[in-house]
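Student: Chain by chain, the residues:
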Amino acid sequence: MERVAINAVDGVLLASASGELYDELLDRLTVDASDRAVAPHVRGMVLDLGAVQIIDSYSLMRLTQLSRTLAALGVDLVVVGIRAAVASALVELNVDTTRLQTARSVESAMRVVAP
Amino acid sequence: MTQEETHRAILATIDAQEGALLEGWLDVQRRHEMRPELAHGEVVLHRQSTAFIKLLALALRSSCAPEHVTDEWRRLFDLVSEVATNQARGGATVVETNAFLSAIKRPLLDQLATYLLGAGEIDKLADAGWWTSVLIDELINHATTTYIDERDATIRRQRADLAELSTPVLHLWEDIIVMPLVGTLDSRRAQGVMDELLASVETHSAKVAILDITGVPTVDTLVAQHLFKTAAAARLMGTECLISGVGAQIARTIVELGIDFGHIPTRSSLRAALTTAFSLTHSKVVRVDDEAGS
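Protein chains in written order, with the working numbering: chain A, 527 to 641; chain B, 303 to 596.
Please note that the accuracy of each hint is not assured.
Stated by the list, open to error - Some chain A residues near chain B, calculated using beta-carbon distances under 10 Å: (1) Arg529; (2) Asn533; (3) Ala534; (4) Ile608; (5) Ala611; (6) Ser614; (7) Glu618; (8) Thr623; (9) Thr628; (10) Arg630; (11) Met636.
Claimed, not checked - Just some of the chain A residues that point at chain B, by a computed CB distance under 7 Å: (12) Ala613; (13) Val617; (14) Gln627; (15) Ala629.
To be verified - Over the 10 Å line for every Cβ pair with chain A, so calculated as not near, a few chain B residues: (16) Leu357; (17) Arg363; (18) Glu452; (19) Ala465; (20) Asp497; (21) Ser507; (22) Phe530; (23) Ala534; (24) Ala536.
Hints are computed from structural coordinates only; laboratory data are not their basis.
Predicted, not measured: the structure shown is a model, and the values here were computed from it.
Ideal Cβ positions, reconstructed from N, Cα and C, are used throughout, including at glycine.
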């Protein structure tokens with residue numbers, strides 16, 4: 527089964543998803559990320575969605591849930607790389623997008639989670 | 303006298319007194335108070351009027367029955383369309399456009415009366431007058447319709463031009479882009495604005511995007527919604543969106559309409575927004591002499 531690989535760099539978890547964010551993938555990502563987040567020295571997680579072609583309201587909700595799960599473990603989630611087309615389609619769905627922390631690049635996300 | 307008989311009488315009138323009819327018509331047209339920029343000059347007036355009478359005669363010769371529309375009648379209506387279109391493009395009002403056709407009524411009736419008198423049918427003048435009026439009115443209606451169509455086309459053209467008005471995105475400063483919006487934002491244009499801004503956010507990977515609405519005359523609920531969406535989408539891409547150029551009047555309107563800009567920072571001037579953008583990008587602009595400590 528396809529899964530999102532998570533790497534750790536200087537106490538920051540790095541993951542990069544591609545294609546479509548289907549349910550099993552998000553389930554797996556939530557479990558993997560929270561398992562890794564409990565390790566000592568982990569301060570944040572950066573999720574790159576640059577290669578994701580579509581995000582619907584359900585996957586957005588799951589991403590928000592992931593963010594809250596990690597927050598409960600004291601880890602900040604920052605999402606980066608959302609494409610213009612994906613972003614404009616997502617705001618048309620009238621969903622609350624404000625609860626997801628975003629940054630314009632992996633670099634700036636790193637500065638947010640590990641200043 | 304029926305409509306068809308009237309048409310026959312008009313045809314006979316034109317055949318007998320074409321010159322007098324044309325002169326009478328031109329006379330009325332010359333006496334019209336035309337605004338100087340719309341005045342066509344004698345040559346155009348003469349050509350248009352002659353062509354109209356010729357085509358009217360041809361149309362009547364092809365068919366006097368009103369229900370039978372021949373190609374000749376279509377050519378006559380086409381000429382009317384052409385005149386009306388030119389007038390509309392030249393900026394004439396609908397009344398000024400129709401003056402051309404209204405002007406023929408009096409001389410045509412005069413000549414028709416002369417003809418009927420000669421034919422010993424002057425008692426039929428009332429009916430003939432009525433049916434003549436119907437014919438000219440129909441042509442005037444056609445001119446009006448054409449005029450309105452032409453105006454609509456102009457409006458559509460201008461709307462398309464407005465939509466295509468480039469909405470430039472200015473790379474104002476390191477990590478700061480500005481999009482100055484000018485003109486009314488309807489849904490279609492707002493969508494274009496959003497696409498343009500997001501595309502720039504993607505290429506420049508800016509940290510702050512300022513939407514300046516100084517040039518937007520009114521902000522209603524719909525425009526506000528579009529601005530929200532644009533800001534929300536930019537934020538999803540990791541770019542903070544600021545709205546600047548919110549005037550006092552717009553601020554009052556926003557509150558009266560119950561629009562809540564929520565977490566999108568708004569500023570009255572681009573200058574104020576730029577100050578905010580500097581603090582968001584951790585930049586500072588200082589005077590050289592301050593720096594030197596003089």
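Student: If a hint holds in the structure, say so; if it doesn't, say that too.
Tutor: Now the hints, each set against the structure:
The interface hint given for arginine 529 of chain A is violated, since its Cβ lies 24 Å from the closest Cβ of chain B, which is over the 10 Å cut-off. Interface hint status for asparagine 533 of chain A: violated, as the beta-carbon distance to the closest one in chain B is roughly 20 Å, over 10 Å. A hinted interface residue such as alanine 534 of chain A counts as satisfied when its beta carbon comes closer than 10 Å to some beta carbon of chain B; here the least separation is about 22 Å, so the hint is violated. Taking 10 Å as the C-beta cut-off, the interface hint given for isoleucine 608 of chain A holds, the closest approach to chain B being about 5 Å.
For alanine 611 of chain A, the shortest C-beta to C-beta distance to chain B is roughly 8 Å, which falls under 10 Å, so the interface hint holds. At its closest, the beta carbon of serine 614 of chain A sits 5 Å from a beta carbon of chain B; the interface hint therefore holds under the 10 Å criterion. With its C-beta approaching chain B no nearer than about 7 Å, glutamate 618 of chain A sits inside the 10 Å limit, and its interface hint holds. For the restraint placing threonine 623 of chain A at the interface with chain B, the shortest Cβ-Cβ distance is roughly 5 Å, inside the 10 Å limit, so the hint holds.
For threonine 628 of chain A, the interface hint holds, since its Cβ comes within 10 Å of a Cβ in chain B; the closest pair sits about 4 Å apart. Using the Cβ-Cβ criterion of 10 Å, the hint placing arginine 630 of chain A at the interface with chain B is satisfied: the shortest such distance is roughly 4 Å. Taking 10 Å as the C-beta cut-off, the interface hint given for methionine 636 of chain A is violated, the closest approach to chain B being about 12 Å. With its C-beta approaching chain B no nearer than about 4 Å, alanine 613 of chain A sits inside the 7 Å limit, and its interface hint holds.
For valine 617 of chain A, the interface hint holds, since its Cβ comes within 7 Å of a Cβ in chain B; the closest pair sits about 4 Å apart. With 7 Å as the threshold, the beta carbon of glutamine 627 of chain A stays out of range of chain B, its nearest partner Cβ sitting at about 9 Å, so the hint is violated. With a cut of 7 Å, the hint placing alanine 629 of chain A at the interface with chain B holds, because the nearest CB-to-CB distance is about 4 Å. Look at leucine 357 of chain B: its CB is around 55 Å from the nearest CB on chain A, clear of 10 Å, so calling it non-interface holds up.
Every C-beta of chain A lies more than 10 Å from that of arginine 363 of chain B, the closest at about 62 Å, which supports listing it as non-interface. Listed as outside the interface, glutamate 452 of chain B is consistent with that label: its C-beta sits roughly 37 Å from the nearest C-beta of chain A, beyond the 10 Å cut-off. Non-interface call for alanine 465 of chain B relative to chain A: holds, since the shortest CB-CB distance, roughly 17 Å, exceeds 10 Å. The beta carbon of aspartate 497 of chain B sits about 7 Å from the closest Cβ of chain A, which is not more than 10 Å, so the claim that it is off the interface is violated.
For serine 507 of chain B, the shortest C-beta to C-beta distance to chain A comes to about 5 Å, within the 10 Å cut-off, and the non-interface label is violated. Distance check for phenylalanine 530 of chain B against chain A: the nearest CB is about 8 Å away, which does not clear 10 Å, and the non-interface claim fails. With a minimum CB-CB distance of about 5 Å to chain A, alanine 534 of chain B fails to clear the 10 Å threshold, and the non-interface call is violated. A cut-off of 10 Å between C-beta atoms contradicts the statement that alanine 536 of chain B is not in contact with chain A; the least separation is 7 Å.
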